[in-house]
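Given next are the chains, with one letter for each unit.
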Amino acid sequence: MAVTAGRPTGEPEPENPLTAGLERLPVAPTTLVIFGATGDLARRKLLPALYNLAHEGALPERFHLVGVSRKEKENEDYRGECEQAIRRFSRRTPDEAVLTSLLDNVRYVPGTFDEESVYSELGTVLDEFEQEAGEPLNRAFYLSTAPSFFPVIVERLGSSKLAQHDSGEVRLIIEKPFGTTLEEARELNRRVLAIFDETQVYRIDHYLGKETVQNMLAFRFANGMFEPLWNRNYIDSVQITAAEDLGIGSRADYYDSSGALRDLIQNHMLQLLCHVAMEPPVNFTAEEVRNEKVKVLQAIPQPTAAEIPQMSVRAQYGRGHAGGDDVAGYMQEEGVPDGSTTETYAALRLEVDNWRWAGVPFYLRTGKRLARKITEIAVTLKPVPHLAFSQDGSLGVQPNQLVLTLQPNEGVSLRLGAKIPGTRMSIRPVNMEFLYGTAFLSQSPEAYERLITDAMRGDATLFTRNDEVEAQWRICDPIVKAWANDVRPPTPPVASYEAGSQGPEEADELLLEGDRWRAI
Amino acid sequence: MAGGDDLSSRSDAVWSEQGTTPDAIEAALRKLLVEVHAENDDFLPARVLNMIAFVDREWSGEIANRLRGVGRYHASRLVVLSYEPHRKQLDARVMIASEGASAPGELALLHETVVVELGDCHLDDLLTIADPLVVTDLPTLLWSPHGHHEIVAELLALSQAVLLDSVDEPVASEALDRASELSEQAYVVDLAWLRSTPWRERVAATFDPVWLRRELAMISSVTVRHHPESTVAAMLLVGWLASRLGWQTGSLVADGDALVASTDAGGHNVAVRLEAAPELQVPGLEGLTLETESGMQLGLSRGKGGLRAHQRDSRGEEREWTILGASRGETGVLGEGIRQALLRDPTYVPALEAARGMLA
Chain G
34 MAVTAGRPTG EPEPENPLTA GLERLPVAPT TLVIFGATGD LARRKLLPAL YNLAHEGALP
94 ERFHLVGVSR KEKENEDYRG ECEQAIRRFS RRTPDEAVLT SLLDNVRYVP GTFDEESVYS
154 ELGTVLDEFE QEAGEPLNRA FYLSTAPSFF PVIVERLGSS KLAQHDSGEV RLIIEKPFGT
214 TLEEARELNR RVLAIFDETQ VYRIDHYLGK ETVQNMLAFR FANGMFEPLW NRNYIDSVQI
274 TAAEDLGIGS RADYYDSSGA LRDLIQNHML QLLCHVAMEP PVNFTAEEVR NEKVKVLQAI
334 PQPTAAEIPQ MSVRAQYGRG HAGGDDVAGY MQEEGVPDGS TTETYAALRL EVDNWRWAGV
394 PFYLRTGKRL ARKITEIAVT LKPVPHLAFS QDGSLGVQPN QLVLTLQPNE GVSLRLGAKI
454 PGTRMSIRPV NMEFLYGTAF LSQSPEAYER LITDAMRGDA TLFTRNDEVE AQWRICDPIV
514 KAWANDVRPP TPPVASYEAG SQGPEEADEL LLEGDRWRAI
Chain C
111 MAGGDDLSSR SDAVWSEQGT TPDAIEAALR KLLVEVHAEN DDFLPARVLN MIAFVDREWS
171 GEIANRLRGV GRYHASRLVV LSYEPHRKQL DARVMIASEG ASAPGELALL HETVVVELGD
231 CHLDDLLTIA DPLVVTDLPT LLWSPHGHHE IVAELLALSQ AVLLDSVDEP VASEALDRAS
291 ELSEQAYVVD LAWLRSTPWR ERVAATFDPV WLRRELAMIS SVTVRHHPES TVAAMLLVGW
351 LASRLGWQTG SLVADGDALV ASTDAGGHNV AVRLEAAPEL QVPGLEGLTL ETESGMQLGL
411 SRGKGGLRAH QRDSRGEERE WTILGASRGE TGVLGEGIRQ ALLRDPTYVP ALEAARGMLA
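One line per chain: the protein sequences are G and C, in this order. If you count the first sequence from 1, you need to add 33 to reach this note's numbering. If you count the second sequence from 1, you need to add 110 to reach this note's numbering.
Be aware that a few hints might be false.
[Claimed, not checked] Derived, one-sided and incomplete: chain G residues facing chain C with beta-carbon distance under 8 Å:
| id | residue |
| --- | --- |
| 1 | Pro59 |
| 2 | Ala87 |
| 3 | Arg95 |
| 4 | Ala130 |
| 5 | Ser134 |
| 6 | Thr471 |
| 7 | Phe473 |
| 8 | Leu474 |
| 9 | Gln476 |
[To be verified] Have a look at the derived ranges for each label pair, beta carbon to beta carbon:
| id | chain 1 | residue 1 | chain 2 | residue 2 | range |
| --- | --- | --- | --- | --- | --- |
| 10 | C | Leu453 | G | Val185 | 55 to 65 Å |
| 11 | G | Phe473 | C | Ser293 | 17 to 27 Å |
| 12 | C | Asp152 | G | Glu546 | 35 to 45 Å |
| 13 | G | Asn256 | C | Ser293 | 25 to 35 Å |
| 14 | G | Met364 | C | Glu145 | 44 to 54 Å |
| 15 | C | Val320 | G | Met364 | 52 to 62 Å |
If you are wondering where the hints come from, they were derived from the structure by calculation, not from laboratory data. We treat Cβ as the ideally placed atom computed from N, Cα and C, and that holds for glycine.
Excised from the complex, chain C in its bound form (with noise of 0.2 Å):
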């Protein structure tokens, strides 16, 4: 990877060859973990998740310092195949590293790296260089950060889990259906939607106590401020309440600064509004509003140490107070996004499709 910033320098047994054959990587693999286990039994591979990453070749730098970050969700396997157009020669880089030294009697598990370098003359046989590279049997994520839609389509057949993050495509429409498109051939982890967690979690628990589930039959306006590149973000947000509600979302159109849009909500409309909050310094969400027929209005905003709420009652008193909770920065949520390979969330296409219901 670019200018020596991998993962190497955090591991304990490497391997490195230029010119080299898939055959030759997974040998080694074999050979440095066989070497490792025999120099300390305390030392046990970890086996719970592959991940392949594409990657161009000049970005890999960024993307190894957010893998760092994953900590203790760090993929037990990951392979990053890293991609310079015009290299001819494949090269690999095997690392093997432990979460640190074990205690007396305790494990440490170890995570393995692969790094293979290629180019565009490897791409026809791509799936022949990484099929042997993960590990069989168990769940891999595909992950392709700079685009690259043909190279995923590709790897796809190797794949169980697609990790991708809606907010990075510019035009919100083509990352919904891109999002719509690869959840027809396998389970979509969306850093966009993860993104919504706590806020999803706070505006369901809000409406839990039974005498304000009713309530949730009379939301009459949904506002979502967000950072200005994740609209998608706010539309999956509001995709979310209109596919757990029952709402037929109504076409977004700009008013001003924002967009605007009405739901049917099966008797009674919904005022969407999506607003951009140039203040906001990572992708995300900002702030929600929600109001209802009787009054009731539910803020949530980021704020130190949790979300913000915001409350006003039908009598027009208002509270404020913090939900606590720690945020979990962007390496938190790629973290999360990888240990999400291995769950499904039922509510995430049905989003997704309330969300490009308002692009109609």
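Chain G with its partners taken away, still in its complex shape (with noise of 0.2 Å):
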């Protein structure tokens, strides 16, 4: 409706009393920027997330999207190119008339990122959309590029004018990585915040919005019978994998920059651990949740250089099978360079030395071409004190161990020592499981979904904040920059191991005694 029917006063607003009780909250009236607009995350995720928003209703009332990329096109081409993507990737079939206008609120702004009059022509796509809407729009720029552009295009935006506005909310997505190294992400942080504050800023870590991980957050805190075991006295270890049966396929390009470490571990795999460790927040603002994972991670220890070896394990998937074929070896993957040492395997023993956790090994492991794809993490309690039971015959009492599986069945399984039928007391361990699919009827919404809307509502809690991200490298930084330096003759650096397999047998040098990884 009309901007004109009353400007803020700078009284106090009322709240919006229509709110209550509503499952979908309102999102305001949104332009979506996307740079990086013919890329494969736009076209895979983020084009089919914009049309299952719109599908649902949950889209802003306004809401126009601008696609910005180098390559020459019409808008025409574009929506073209939108509507295939949409039609091939989306979760659900598209319903024609929503499609068709949702594709009519679609623009292209051609050019590179360091081009003025992109900017200059980005504006003026901008201004016409809120000319047309008759009141101001918030504006969301997302970041889809490689790395290398974020800079360019934020310092574009700031110079161009366009990381401000008078009457509506600007923001800032940023897609993964947030830099490669501790000293990359502290300088991109330097440039983003020269032009945008933090308020602004929105860094992607896409496993945040996935339903599964924020269920931890549920399980952990609406559920009072884990909470007094939850800590150095009850826990002897926590387990993280996240596992890939595939290989690189085609993205030799960037894993090999990459590599495990970078690719998993930095962000998602330390999110996770922040998910387990965390203390309860005081609520569920943006900033009491990343408060407390801040804690967790300014706890985990920098590792030095002599420590290095002891807590890491890196290795390179060779020949193999998978899903009963012969698979190529990592080096042998198409536009892998020859020599190279990147880890497509990558395991941590790190620690959380505060009061909760101090002693209580974090076992941290991710890998492509494994057994098979699981994403989990697994809590095991400490052993009883006295075994009163004969073990006779039995497979023995084994710890108690928690198991919360994010991918591919969401669920809680729990280990147990129960009686084995018969006249003797023999125990073997069973499982009391829990499945999130057998008891909701909702399909989880994808992850980008879930973001892009959080975004242009201004709910930060799902993304990660400066100092975050930078702690999440001061962990790994020094473990980047060891394996890049380690030419140890005569072995080779990095280790193998066969594809389809539980991964390398070096692996096992991590764990502290009486511990073991999990088969996968």
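Two independent chains are provided; combine them into the complex using the hints.
This is how it looks when you write it as structure tokens:
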């Protein structure tokens, strides 16, 4: 409705009484600008997510999309590409009327990201949308480009006065990776925060948009039974696994310059660790949740050069078998440079030195071409102090283990000791299983649907804060550097594991006495 | 269910027995579940919600069709009590169906449907027939689309939520009184209310910018256009505005083909007008127009690809646009009703009571 009806006067604004009881909260009218609009992420994830939000009526009442990319093309051509991407990658079959209406509001601005003319044209398009709407529209700039363009785009947005808007909010959404070293992350933060306020910045870690990750907070903080056990007195170790059965596919260019540590551990897996180890926040506002996560990251000691060989393992997959087929090793994958030492497997043993967790090892491992795809967190409790049962003829009493599975079958499993039926008091482990899929009617939205909506609503809870991303890099940076400089002859610096296996044997060396990796 | 038009056509495991008992049905359910799981341990029973549907047998095919369309919102266990007055024997069928073949390593959920054919002679013991058939500890949704208020009263003992559609009652006052009465005993999921969800969301969004919230106190007229048999839906929408904005609703009176009321909005009146829209083919709302004392006007109407918004600002400038959103259709609304049985909307009952105030 019209903006002339009464602009802000400085008086406290009344609450909106109409939002009570609504599942979908209003999102302010917004123009979303995607830099890198013709890239893979935009086609596979962002455009389908926008369509699904439109389908559900979850986009703002006034919504426009502007694609910015280097390739010259007309608006109509870009709309055609959007349509194709949505039809191919959307999780639901598009409703023709909704798709047509969504595409009607799409524009394209061609040009390289350092060209001033791109930003002046963009400004013109944004102004036109506002004139057409008759009201100010919030602006969200989504950087879905190669990371090297992030500072360029941010600075151009600043110099062209697009980083601020007198009558609306301006938000900056930045895809991962946020730097490839601590130094780069700090420099990127410095350049971003020279133009934008931290409250305007939304650093994407799409793991945080997954229902499964958010469920971890519900699991921990909505169930009183676990909290008394959730500390060093009862927990022996925590093991976080993100295993993939696939290889790198056609992503050699990206992957070989990244590796498993940067690709998954520095961001996603440290976030999972934070969710396991954080203290209950006072409330679930963005600042409180992120404060608690930062405290966990700060409690993890930065590894020294001497400690790194004892607390980290890296490896590459060699030839092997997957899904019944022979598969190539990493070095035989198309596009991988000769002599690459990039790790496709990384495992760390970390400690969280605080009152709750001191002495509890946190094992993190991730890899490609492992036995199967699974992401899980296993919390192993300490064994019982005294065993009154004979273990003859049994598999023995094993410590309780709580496993939170994030994918593929999200659920919680608790390993208990139970008596084997019969005359003897023999014990064997059994599992008590809960699967989320059996207990809810709704389909989980894609992570990007949630994250785009939250960014447009100005809710930063599921985004990484500047100090958080630097704290993550503070832990991983020494390892990245040590691995880059590791030229220990005569053994190869990178261990090897057979494709389709459990990973390298060297990973066992990380484990403290009595601990073992869970089978993947 | 009538004419074989039932859910068994997509079931993976079936059991049936004539002249059966609730114990035998329950035992058959357990046995079938064990068999299906033993055959493929990727198949697991969904454990979300029981739904009891008490239906007239002659219309049970139609109900089966409606339930078939709800897709993933299918209750995990559906107990259909198919009623035929003169039936003397209790017959039953049990079907266990999966949503589809599971991919390797992924789960497929099983949904159970129990159809019990019964007659007048079983009604005195209805509770003891239905009780063993619902999964203990799961919430139960009760639906009786063909009326039977006395049956609903009895089965409420097993239910935490009741599904109804207030537009099904031919008299608006009876519909609202009925919903109010049930609300005192269980959580009511009213399809007439759910049909207005997109409209309520859009009105809330329109007035969400802080500089527009003050306009809420200046609304001077509300016009709702509705399916001729959906007056209740229009009343609930006005009742929602009234309850959220603190209006004292006035009584509706006829004004030609429309119903009008004057509502006290604490210092000024709001003119309420409900107009039938004979061209509308489906139950629910066709359009909404809000005007404020500052001269603003917001119009919403059904359109392709979402609601069509029409806006006139205080200077008289007019704009139109589409608010994106796919139509859910009637099966989508029913599915949403089943899903809502697991949630709690605190705004329905106040809206209902405000709507009842328009009948005083």
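To see whether the hints hold, each was checked on the structure:
no., hint, result
1, Pro59, "holds (4 Å)"
2, Ala87, "holds (4 Å)"
3, Arg95, "holds (7 Å)"
4, Ala130, "holds (3 Å)"
5, Ser134, "holds (4 Å)"
6, Thr471, "holds (5 Å)"
7, Phe473, "holds (6 Å)"
8, Leu474, "holds (5 Å)"
9, Gln476, "holds (6 Å)"
10, Leu453/C <-> Val185/G: 55 to 65 Å, "violated (46 Å)"
11, Phe473/G <-> Ser293/C: 17 to 27 Å, "holds (25 Å)"
12, Asp152/C <-> Glu546/G: 35 to 45 Å, "holds (37 Å)"
13, Asn256/G <-> Ser293/C: 25 to 35 Å, "holds (31 Å)"
14, Met364/G <-> Glu145/C: 44 to 54 Å, "holds (50 Å)"
15, Val320/C <-> Met364/G: 52 to 62 Å, "holds (59 Å)"
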